[in-house]
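Top to bottom, those sequences are chains A and B. Its first residue numbered 1, the first sequence is counted upward by one per residue in our numbering. Its first residue numbered 1, the second sequence is counted upward by one per residue in our numbering.
Check each hint, because a few of them may be wrong.
The calculated lysine-lysine pairs, modelled on DSSO-like cross-linking and capped at a C-alpha distance of 27 Å, are [what the hints assert, rightly or not]:
1. A/Lys14 with B/Lys42
2. A/Lys20 with B/Lys42
3. B/Lys1 with A/Lys66
4. B/Lys1 with A/Lys55
5. A/Lys41 with B/Lys1
6. B/Lys42 with A/Lys64
7. B/Lys42 with A/Lys41
8. A/Lys66 with A/Lys41
9. B/Lys1 with B/Lys68
10. A/Lys14 with A/Lys66
11. A/Lys64 with B/Lys1
Distance ranges between label pairs, derived from CB positions [what the hints assert, rightly or not]:
12. B/Asp39 with A/Leu74: 28 to 36 Å
13. A/Ser5 with B/Lys1: 31 to 39 Å
14. B/Glu17 with A/Cys13: 42 to 50 Å
15. B/Arg55 with A/Glu59: 31 to 39 Å
16. B/Pro14 with A/Asn70: 28 to 36 Å
17. A/His7 with B/Val20: 30 to 38 Å
18. B/Arg100 with A/Gly61: 17 to 25 Å
19. A/Glu87 with B/Thr111: 25 to 33 Å
Hints listed in this document are in silico derivations from the structure and should not be mistaken for laboratory results. All residues carry an ideal CB built from backbone N, CA and C; glycine is no exception.
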Amino acid sequence: GAVVSQHPSRVICKSGTSVKIECRSLDFQATTMFWYRQFPKQSLMLMATSNEGSKATYEQGVEKDKFLINHASLTLSTLTVTSAHPEDSSFYICSAATPQGSYGYTFGSGTRLTVV
Amino acid sequence: KQEVTQIPAALSVPEGENLVLNCSFTDSAIYNLQWFRQDPGKGLTSLLLIQSSQREQTSGRLNASLDKSSGRSTLYIAASQPGDSATYLCAVRLSSGSARQLTFGSGTQLTVLP
Chain A
1 GAVVSQHPSR VICKSGTSVK IECRSLDFQA TTMFWYRQFP KQSLMLMATS NEGSKATYEQ
61 GVEKDKFLIN HASLTLSTLT VTSAHPEDSS FYICSAATPQ GSYGYTFGSG TRLTVV
Chain B
1 KQEVTQIPAA LSVPEGENLV LNCSFTDSAI YNLQWFRQDP GKGLTSLLLI QSSQREQTSG
61 RLNASLDKSS GRSTLYIAAS QPGDSATYLC AVRLSSGSAR QLTFGSGTQL TVLP
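Given only the sequences and the hints, what does the whole structure look like? Please build it.
What follows is the structure, encoded as structure tokens:
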């Protein structure tokens with residue numbers, strides 16, 4: 001149980017276009033999801049906290065107009081990278097707290113974004 | 001601000017060896033600590049979760065310990081296998097605050113040689 005599905009796993013886009021990444025909780029409801037970014041050989045950096053039915057909370061230094069987060073239902077959060085540039089190329093991972101919170105967090109399989 | 005450090009950054013061992021990965025954190029007021037495994041280009045797989053009130057957790061060949069007062073956790077892997085090769089990340093969740101996000105260490109890249 002407690003599976004988070006993330007799509008797409010890989011995407012290549014042209015500079016200036018927008019890309020949407022989906023994160024779904026398959027067998028549980030997730031009122032809160034988290035979006036992370038990971039650079040090569042580095043750890044995960046929290047970008048934002050996605051709250052169902054309300055605005056996302058962004059970490060310092062993360063442009064909310066560039067990384068649009070929508071959490072319209074209890075099972076789906078989306079991250080849209082707008083007007084992507086090569087420096088946005090990275091590995092993006094979402095996560096959600098498993099039911100009853102104290103059982104930890106489960107993560108999606110990640111999305112490798114390459115902007116050319 | 002919570003900081004999480006993992007030592008060593010990389011480790012290479014021959015198959016069959018027992019090994020220990022270390023994780024330290026600066027703020028001992030944690031809710032829990034979680035160890036993850038990440039294969040190249042993949043997401044994270046949860047290995048063990050230790051609540052702040054617990055001292056250790058075991059799953060198969062893995063044993064994780066927690067010493068909250070000293071801000072340390074270790075992940076012990078017994079009888080290592082080539083399939084254990086991956087990056088191991090520890091992450092802590094603070095007990096305070098409502099955001100509930102995790103703070104990650106930089107990881108230990110493990111290579112088990114056949």
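Outcome of the hint check:
1. A/Lys14 with B/Lys42: Holds. A/Lys14 to B/Lys42 sits at ~23 Å (cutoff 27 Å).
2. A/Lys20 with B/Lys42: Holds, at roughly 19 Å.
3. B/Lys1 with A/Lys66: holds (26 Å)
4. B/Lys1 with A/Lys55: holds (24 Å)
5. A/Lys41 with B/Lys1: holds (23 Å)
6. B/Lys42 with A/Lys64: holds (26 Å)
7. B/Lys42 with A/Lys41: holds (13 Å)
8. A/Lys66 with A/Lys41: This hinted pair holds, its Cα atoms lying about 24 Å apart.
9. B/Lys1 with B/Lys68: With Cα atoms ~16 Å apart, B/Lys1 and B/Lys68 stay inside 27 Å; holds.
10. A/Lys14 with A/Lys66: holds (16 Å)
11. A/Lys64 with B/Lys1: holds (22 Å)
12. B/Asp39 with A/Leu74: 28 to 36 Å: At 29 Å between Cβs, range holds.
13. A/Ser5 with B/Lys1: 31 to 39 Å: holds (32 Å)
14. B/Glu17 with A/Cys13: 42 to 50 Å: holds (44 Å)
15. B/Arg55 with A/Glu59: 31 to 39 Å: The hinted range 31 to 39 Å holds for B/Arg55 and A/Glu59, with Cβ atoms some 32 Å apart.
16. B/Pro14 with A/Asn70: 28 to 36 Å: At roughly 49 Å between Cβ atoms, A/Asn70 and B/Pro14 fall outside 28 to 36 Å, so the hint is violated.
17. A/His7 with B/Val20: 30 to 38 Å: holds (37 Å)
18. B/Arg100 with A/Gly61: 17 to 25 Å: The hinted range 17 to 25 Å holds for B/Arg100 and A/Gly61, with Cβ atoms some 20 Å apart.
19. A/Glu87 with B/Thr111: 25 to 33 Å: holds (30 Å)
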